[in-house]
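Now for the letters of each chain:
Protein chains: 2
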Amino acid sequence: MIDAFSRLPGVGRRSAERLAFHLLKADPEEALGLARAIEDLKKLVRHCRICFNLADDELCSICRDPRRDRSSVLVVEQPKDLLAIEETGSYTGLYHVLMGRLSPLEGVGPEDLTIEALIERVRSAPEGELCEVILGLNPTLEGDGTGLYLGERLRGEDVRVTRLARGLPTGGQLELANRAVLAEAIAGRRSLDDGF
Amino acid sequence: MIDAFSRLPGVGRRSAERLAFHLLKADPEEALGLARAIEDLKKLVRHCRICFNLADDELCSICRDPRRDRSSVLVVEQPKDLLAIEETGSYTGLYHVLMGRLSPLEGVGPEDLTIEALIERVRSAPEGELCEVILGLNPTLEGDGTGLYLGERLRGEDVRVTRLARGLPTGGQLELANRAVLAEAIAGRRSLDDGF
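Quick note, the sequences are listed as chains U and E, same order.
Counting in the numbering used here, the first sequence runs without a single skipped number right up to 760 at its last residue.
Counting in the numbering used here, the second sequence runs without a single skipped number right up to 760 at its last residue.
Chain U extracted, bound-state conformation (with noise of 0.2 Å):
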């Protein structure tokens, strides 16, 4: 049990005997508790069949909710950033979820993602339903790779592809801002009259 716990990420040996050794004294129906939700968690959830997302039914809640906005598919890396993503309450489309991202160091290819899924689900679309995907990974070089493959491998269907704005943080200082986010920002820099 101690070998279980301290495969744990973050969990070293002291701290997996510690475990053990709560459990050992502790009551049977919190010890108990624990393995059946560990059961569950293996039994009940899996991906869901559209967008790849944690569910606990065949689609995701997101994708069975009848009021999200079926005409944008944001593609995020890892069900994490999505929800990242619907803990601002900014966002009421739909989501794909990638299951990770290119990494050629790593031997990670597009036939290792849900990238055919993502190309599949926007031919099939309806006509007319789905107007844009949003490419929502992270702003990384093994993300940016990610993405201008997605970007290539979307040209030529009839949706409209953005990707998540970069730039200086929200609420950051600038003088703090390293060299990298303050060339971007002032690359990608707007017009006011596009609004502030």
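Everything labelled a hint here was simulated from the structure, so no lab data went into it.
From a predicted model like this one, the values you see are computed outputs, not experimental measurements.
Glycine residues also receive a C-beta, built at the ideal position from the N, C-alpha and C atoms.
Some hints here could point you the wrong way.
[To be verified] Sample of chain E residues lacking proximity to chain U, with all beta carbon distances greater than 10 Å (derived):
| id | residue |
| --- | --- |
| 1 | Asp604 |
| 2 | Arg632 |
| 3 | Ala681 |
| 4 | Ala689 |
[Stated by the list, open to error] Which stretches of chain E does chain U cover? Using the computed rule of at least three CB atoms under 8 Å from a CB of chain U, they are:
| id | region |
| --- | --- |
| 5 | 640 to 647 |
| 6 | 651 to 659 |
| 7 | 709 to 719 |
| 8 | 726 to 739 |
| 9 | 742 to 754 |
The hints should help you fit chain E onto chain U, whose structure is shown.
What follows is chain E alone, placed relative to chain U:
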């Protein structure tokens, strides 16, 4: 002397004492060197007559430099913001230092900043020379307020007014961005037709 040191930012009473005793024991050359450096700072450093950047002469090294592109002026709050942008090496135009930002709470109004000098500078620029004023204020509430005010004041002048891009900071992680940053990254998303 301990009093004088302890008035400096980040220097407490104990540090001030340590500094004073260090100088007491130090080589006279070292102590007098520091005194002269402080005197020179106050005597020689002034603000550029055109852009209010720090300068050792009537004009700062940027306004004096004939290689700088005179078609754009980037407006910043403080000389240290100007330095941060210079370090990126990706801006070759001129600057205007406001010497602060509008802050109703702290009683800082337009007349406390170098705003009139900026407006006058835009109006008196040689015909066709100055094309763009780039607002490079901090991405904060007060920075935005100042930017909005400048946008209003420059409306009707014969220059394009832009602001630095806002969004995800390059190199960061989407899941670590706060709600405001993500919301602005979604709202400000751009089409891949305009380049990635």
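Exercise. Are there three or more residues in the region 726 to 739 of chain E whose C-beta lies closer than 8 Å to some C-beta of chain U?
Worked result: Since three or more residues must qualify, the claim that chain U covers the region 726 to 739 of chain E holds, with 14 doing so at under 8 Å.
Exercise. According to a criterion of three or more residues whose C-beta lies within less than 8 Å of a C-beta of chain U, is the region 651 to 659 of chain E covered?
Worked result: holds (count 5)
Problem set entry | Residues of the region 742 to 754 of chain E with Cβ under 8 Å from chain U, three needed, outcome | holds (count 13)
For this session: Over 10 Å to the closest beta carbon of chain U is the bar; see if Ala689 of chain E clears it.
Result: holds, 19 Å
Problem set entry | Beyond 10 Å from each Cβ of chain U, as asserted for Arg632 of chain E | holds, 15 Å
Problem set entry | Whether Asp604 of chain E stays farther than 10 Å from all C-beta atoms of chain U, as the label says | holds, 25 Å
Exercise. For the region 640 to 647 of chain E, does the count of residues with a C-beta closer than 8 Å to a C-beta of chain U reach 3?
Worked result: n = 6 at 8 Å, threshold three: holds.
Problem set entry | Coverage criterion applied to the region 709 to 719 of chain E (partner chain U; beta-carbon cut 8 Å; 3 residues) | holds (count 3)
Problem set entry | Check on Ala681 of chain E being off the interface with chain U, judged by Cβ distance over 10 Å | holds, 20 Å
Figure legend: structure checked against the earlier numbered hints; every hint is met.
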